[in-house]
Amino acid sequence: MALEPKEIELKAKALTKAATQNEPAANIVSLLKELQQGVKASEDLLRSTRVGIIVNKFKQHKSPEVARLSSEIVSRWRNEVNKQKVSGSAGGSQRSSASPRPPQNGTASPASATPSDKASKLTVSPDKRTWKADGVDTNQTGIKARDNCIGLIYDGLCLNSTEPPKAVLSKAAAVEAAAYDAFGPETKEPYRTKIRSLFQNLKNKSNPTLRVRVLSSSVTPEHFVKMSHDELRSDEQREKDAKIQKENMDKAMVAQAERSISTSLQYFNLLSENLGVESMELDGEKDWIVDTENAVVCLKGKARFVSKATGQGWNEVFIYKISLAEEEGNGEGKDGWKVRVYEVWADTGAAYLAALGELDGLS
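The numbering of the sequence shown is numbering that gives the first Met the number 0, which starts it at 0 and goes up by one.
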């Protein structure tokens, strides 16, 4: 037998009292079962009695039986309300027959019509929309932190949108629920971080297609909350970032080549100022190591180096490594090659000791 709204309110209060006074789980289970059997859920009934909010809180109860039963009840009520919304008969049966405040003139009262009107019609400019401006009720879960997050997602989705508030609220609640399932509970940092990230991406004015994709269900809430940073960006953003990355890479490569050549010139200038070179020999071309794929050439040489300051010398084998880059038209319509990196692998320690006059003492 269906319970009257007043009876439902009394049992909801009894539930709250049982929780605050730490009554045995059996008492709570008994009250929950009465509500499970006696409530024919409708959106109006659940809102007016707040029973859905109260029962929902018991999903976190320490008693597994209480938590399981409350979860089952909330899930069933939600499904019933959703079915009524689809059929267009939400709140019709039980509210009209069991309401303790029937309208005296036999017509729907303004109080009961206003929330529905606000939820169905857009009353503010699309660029000024928020959940508060739209007049929607974000109290969907009965948990303040989660309901606040629903409002945050709503604000991201409704920006510049002409979708009805009711549709936006439904989608915002679905996104929050998906985030809760994947990263919750609401007390954990991963959930809060994810909600903030989703909101920032939805509010991004340079990525309006993301809001459209979520609202139109081309991206499901379950997929949306797990999308990577790259997936969340628009095609235009990806193209722009790729262009910037290429430009930065090109600049870095030019700068690297200039630094490398400049460093090599400094090396040879210091070499000629401080050392004399005798009997230098380089490998013949057939002995060069050539990497055609990366345009790198390595060759070996040997010579006797003598410090001009002390006259001490040593014989050394050294290596040249030269990286090349293809150069576009050289003014005559022909392509060519230029040195990009010039490296010399040599024994700088011997040069240092020879300059100090200490090299001969090592032999």
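These are computed hints drawn from the structure, not numbers from a lab.
Treat the hints loosely; a few may be bogus.
Stated by the list, open to error - As a list, the in silico DSBU-like pairs of lysine-lysine whose alpha-carbon atoms are at most 30 Å apart:
#1 307 to 337
#2 127 to 10
#3 39 to 58
#4 131 to 193
#5 301 to 337
#6 187 to 165
#7 82 to 204
#8 61 to 165
#9 202 to 239
#10 143 to 10
#11 127 to 39
Stated by the list, open to error - Estimated spans, in silico, between C-beta atoms of each pair:
#12 316 to 269: 29 to 37 Å
#13 189 to 316: 57 to 65 Å
#14 310 to 336: 38 to 46 Å
#15 338 to 192: 35 to 43 Å
In this text, a Cβ means the ideal position worked out from N, Cα and C, and glycines have one as well.
Hint by hint, here is what the structure shows:
no.	hint	verdict
1	307 to 337	violated (33 Å)
2	127 to 10	violated (41 Å)
3	39 to 58	holds (20 Å)
4	131 to 193	holds (22 Å)
5	301 to 337	holds (25 Å)
6	187 to 165	holds (29 Å)
7	82 to 204	violated (35 Å)
8	61 to 165	violated (34 Å)
9	202 to 239	holds (19 Å)
10	143 to 10	holds (22 Å)
11	127 to 39	violated (38 Å)
12	316 to 269: 29 to 37 Å	violated (20 Å)
13	189 to 316: 57 to 65 Å	holds (58 Å)
14	310 to 336: 38 to 46 Å	holds (41 Å)
15	338 to 192: 35 to 43 Å	violated (49 Å)
Against the hints set out earlier in the document, violations occur for numbers 1, 2, 7, 8, 11, 12, 15.
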